[in-house]
Amino acid sequence: MPAAQAVKPDAILHEISELWNNMTKPQPGEAPEEYSSGSLRACAMTLIVFINDEDDPRALDGTLEAVMRAHPNRAIVVRLKEDGDELESRVSARCWMPVGHHREVCCEEIAITASLNRLVDVPGIVGPLAAPDVPRVVWFRSPRLESAPDISPLLNLTDKIIVDSERPGAPAFADLRVLSQVGHIVADLAWTRLTKIRELVAQLLDGRELGAIGNAFIDFSGTEASPGARYMQAWFRSEIPGIDAALHRIDTAGRGEMKAIRIDPDLNIQLGPNCAEYEIGTLRQRANLPECADCDLLREELNIMTHDGAFERALQRMSVWIPRS
Amino acid sequence: MLMSQASTLQDLLRFHRKTPPCTAVIFGANGDLTRRKLMPALYRLAWEGRLAPGFAIIGLSRTPLSNEAFRQLMRDSVAKFLEDSPFDEDLWNSFAQGLFYMPGDVGDHSTFQRLADCLREVEQSRQTGGNTLFYLSTQPSQYAEIVEGIGAAGMAKEDGGWKRVIIEKPFGHDLTSAKELNARLQKVLDERQIYRIDHYLGKETVQNILAFRFGNGIFEPLWNRRYIEHVQITAAESIGVEGRGGYYQEAGALRDMIQNHLLQVVATIAMEPSATFSPDAVRDERAKLLRSIHVMKPEEVAANTVAGQYGPGRVGGGQVVGFREEKGVRPDSQTETYAAVRFMIENWRWANVPFYIRTGKYLPKRVTEVAIHYRSAPLAVFRNEFGDNSQAMPNLLILRIQPEEGISLKFVSKHPGAGMTLRPVSMDFNYGSAFGERSPSAYETLLLDAIIGDATLYTRQDMVEASWTAVQPILDYWSTQKFPFPNYPAGAWGPAAADEMLSRYGHAWRRP
Chain E
-4 MPAAQAVKPD AILHEISELW NNMTKPQPGE APEEYSSGSL RACAMTLIVF INDEDDPRAL
56 DGTLEAVMRA HPNRAIVVRL KEDGDELESR VSARCWMPVG HHREVCCEEI AITASLNRLV
116 DVPGIVGPLA APDVPRVVWF RSPRLESAPD ISPLLNLTDK IIVDSERPGA PAFADLRVLS
176 QVGHIVADLA WTRLTKIREL VAQLLDGREL GAIGNAFIDF SGTEASPGAR YMQAWFRSEI
236 PGIDAALHRI DTAGRGEMKA IRIDPDLNIQ LGPNCAEYEI GTLRQRANLP ECADCDLLRE
296 ELNIMTHDGA FERALQRMSV WIPRS
Chain R
468 MLMSQASTLQ DLLRFHRKTP PCTAVIFGAN GDLTRRKLMP ALYRLAWEGR LAPGFAIIGL
528 SRTPLSNEAF RQLMRDSVAK FLEDSPFDED LWNSFAQGLF YMPGDVGDHS TFQRLADCLR
588 EVEQSRQTGG NTLFYLSTQP SQYAEIVEGI GAAGMAKEDG GWKRVIIEKP FGHDLTSAKE
648 LNARLQKVLD ERQIYRIDHY LGKETVQNIL AFRFGNGIFE PLWNRRYIEH VQITAAESIG
708 VEGRGGYYQE AGALRDMIQN HLLQVVATIA MEPSATFSPD AVRDERAKLL RSIHVMKPEE
768 VAANTVAGQY GPGRVGGGQV VGFREEKGVR PDSQTETYAA VRFMIENWRW ANVPFYIRTG
828 KYLPKRVTEV AIHYRSAPLA VFRNEFGDNS QAMPNLLILR IQPEEGISLK FVSKHPGAGM
888 TLRPVSMDFN YGSAFGERSP SAYETLLLDA IIGDATLYTR QDMVEASWTA VQPILDYWST
948 QKFPFPNYPA GAWGPAAADE MLSRYGHAWR RP
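Those protein sequences? They're chains E and R, same order as listed.
Position one of the first sequence corresponds to residue -4 (the numbering used here), numbered consecutively onward.
Position one of the second sequence corresponds to residue 468 (the numbering used here), numbered consecutively onward.
Simulated from the structure, these hints should not be mistaken for laboratory data.
The beta carbon of each residue, even a glycine, is placed where N, CA and C say it ideally should be.
Hints are supplied without guarantee of correctness; some may be wrong.
[Said to hold, decoys possible] Sample of chain R residues at the chain E side, in silico, Cβ under 8 Å:
hint, residue
1, Thr475
2, Leu476
3, Gln477
4, Asp478
5, Arg481
6, Trp514
7, Pro520
8, Phe554
9, Asp555
10, Ser561
11, Gln580
12, Asp584
13, Gly597
14, Leu600
[As the list claims (entries may be wrong)] Residues from chain R shown here face chain E by an in silico Cβ test under 8 Å; the list is partial:
hint, residue
15, Leu480
16, Gly516
17, Ala519
18, Gly521
Sequences and hints are given; from them, build the entire structure.
Shown next, in the form of structure tokens:
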């Protein structure tokens, strides 16, 4: 049996250093000059992403690149393999030229491939690789961690834990309620997707006596309400005293997504693709609600590095917690 | 008695500031500013869901137009001038439902009565609660007349909703006219209802100066005469007057840039920290700083200022004409297209620290920046053995406002290898790289602030008067001079006299 491979953080850090030295070395005849060419190394946080090895790398690349532009970070991408005894690393840089600028901006990425039976080694590698003095955020995108024996060393590495309960196979281990109760800063992208809708509802109810609102209905399509619809219900329950907020199935065709929100006595919001049509009193208007990609949701979450009171209150009021499968 | 429960749905971590419903009345609705800046900014705010439901706009100008024609005109303008944003036809159709037009001459009193009637109708149909934002996008000579018309028609009274008036610079053309304008405005409006817009203060990077200074602990202790040797502020434009020769001839660089924008930048750089970030606390500090600027005696002006005017030259590989050859400009014009001034601030923090300001048309590149020149190290320890190059390279902190917004700190470092050779290096923070999100335009920021009632970034009358007071002796002195214009070719860094002025004080202009 071949000996287990070793991945040494010091060696990876040295590789990163070499990478930068090569990238920033002036070309022959090039004088370093203000506003001139060259690369700017940027790092405002460490983003650790767990994905399945077989996930489409192009989709993740696009997401990470878009996130880096808003939150330059050292990305550590851990690709988890079901089988084998593998542990490998690779270092690269992502660079882009901001519009109207003359100097490219670069962030580094460390890719680690690990089989599940080597997961135990990952915290000891990822910890030293995290950039010092900046926040560390972990995004659990792989459902494979569900079968991992103990992930607490991973959780303790980070300042914030992000999951997405709308994703098929969202890890059941991530009972966010428990994590939140023990003090972790947690986030669920299913909640993040609601920001624009919640903001619209808040704006439309602005100035009303909330205690006087009796009923709210959240219409959904599908056999079971999506986590997003449940979060909306929980938000009403946690923020509007005495409200009767009900989930209402309008058909079974969909995947549980919200279709409309109706609030007594005269607010009706119909949710369509990328927009909402609402009626309030005699006024009928349209609002722009662009669909959020993962990168948009992550950008929003990476702006928030504190406990999110509204989310945590809603989390405690969630009616049923059913991980999607 | 139980208090009515306020909304608890606001999520301060994630939501934008909430905006009250209102009607915006734009005077000069068919003008360039409305089409290029205001309407795209308002549409963009609607696109982002920043405006309250029912938000309405009444456009007013002399051109006879129907509501529909006005909507079409604005639609075309928004589609054309919208920057960094998609144009959404469906959203526009919804936005345009709140768009109304009223033709009228502001010289005719009946216009204001008709406007008041129109406003009442719109308020009812759009449920705006009587809140009204008047935007005067007209000739400055019409400001007082319009405000008096608003007042006479009862539209300035805040008996049902707030009433605010935004006016564009110039706020007067000298100290006397600024005071006269203000006196007429204040017969109708309280100062808190007047929003004097200086779009420079709405720029993200100008606001970032406050964050940089007062949000960090390490810079403020070094922000005074003990450590700073002098400050240079450059606002260079690489274009000429671009068809605005007639207007520019009456204004000049000092009035057009320094009296307003650049003195506001000086105030932002040099003000004391305010006790809170409330609008009046911040503006009190800005005003205090502007009042501390030394007002030059007539005999001091020549030594501390330079006026310039561009002549023909080569720019971007092509030949351009001189200012005096521009359309609408007199062939013997004495208007300055370049101005450099050495201001001194008379307070404990800044005594004897010169603030050099320069601005001009047809300079080699478009750049606006503040360069803080620190004093050299007190002891040149490398002098004897290795030469004195550290003394020649004082630390420099550069706050770049445009085009590449950011902050750089220049310091010396040892060159690798044997010996102790020093080399300047730069530590850069690039605003666009650290925050890849789109920055709102200055007009989006400022319009939203006015709707919310946040006047922090607007100029108060005492600030306007203080800045006119600082430049008035220069205007007076220059008006008595016959300058040997043109004195710099288009495409150069201004007249030689500007370099000579700094060299007299032992300094040199930075080449950005």
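For each hint, the structure was consulted:
Contact between Thr475/R and chain E, as hinted, is supported at the beta carbon level, the nearest pair being about 5 Å apart and thus within 8 Å. This hint holds: Leu476/R has a C-beta 4 Å from the nearest C-beta of chain E, less than the 8 Å allowed. Taking 8 Å as the C-beta cut-off, the interface hint given for Gln477/R holds, the closest approach to chain E being about 6 Å. Annotation: interface hint on Asp478/R holds; nearest CB of chain E at approximately 5 Å, less than 8 Å.
Interface hint at Arg481/R: satisfied, since its Cβ lies 5 Å from the closest Cβ of chain E, which is below the 8 Å cut-off. A hinted interface residue such as Trp514/R counts as satisfied when its beta carbon comes closer than 8 Å to some beta carbon of chain E; here the least separation is about 5 Å, so the hint holds. Contact between Pro520/R and chain E, as hinted, is supported at the beta carbon level, the nearest pair being about 5 Å apart and thus within 8 Å. A hinted interface residue such as Phe554/R counts as satisfied when its beta carbon comes closer than 8 Å to some beta carbon of chain E; here the least separation is about 12 Å, so the hint is violated.
The restraint placing Asp555/R at the interface with chain E holds, with a minimum CB-CB distance near 6 Å, inside the 8 Å limit. A least Cβ separation of about 4 Å between Ser561/R and chain E falls short of the 8 Å threshold, and the interface hint therefore holds. A hinted interface residue such as Gln580/R counts as satisfied when its beta carbon comes closer than 8 Å to some beta carbon of chain E; here the least separation is about 27 Å, so the hint is violated. Because the beta carbon of Asp584/R sits about 20 Å from the nearest beta carbon in chain E, more than 8 Å, this interface hint is broken.
With a least beta-carbon distance of about 14 Å to chain E, the hint placing Gly597/R at the interface is violated under the 8 Å criterion. Nearest Cβ of chain E to the Cβ of Leu600/R: about 18 Å, over the 8 Å cut. The hint is violated. For the restraint placing Leu480/R at the interface with chain E, the shortest Cβ-Cβ distance is roughly 5 Å, inside the 8 Å limit, so the hint holds. The interface hint given for Gly516/R is met, as the beta carbon of that residue sits about 5 Å from the closest beta carbon of chain E, less than 8 Å.
Satisfaction of the interface hint for Ala519/R is found here, the shortest Cβ-Cβ separation to chain E being roughly 6 Å, below the 8 Å cut-off. For Gly521/R, the suggested interface contact is upheld, since its CB lies about 6 Å from the closest CB of chain E, less than 8 Å.
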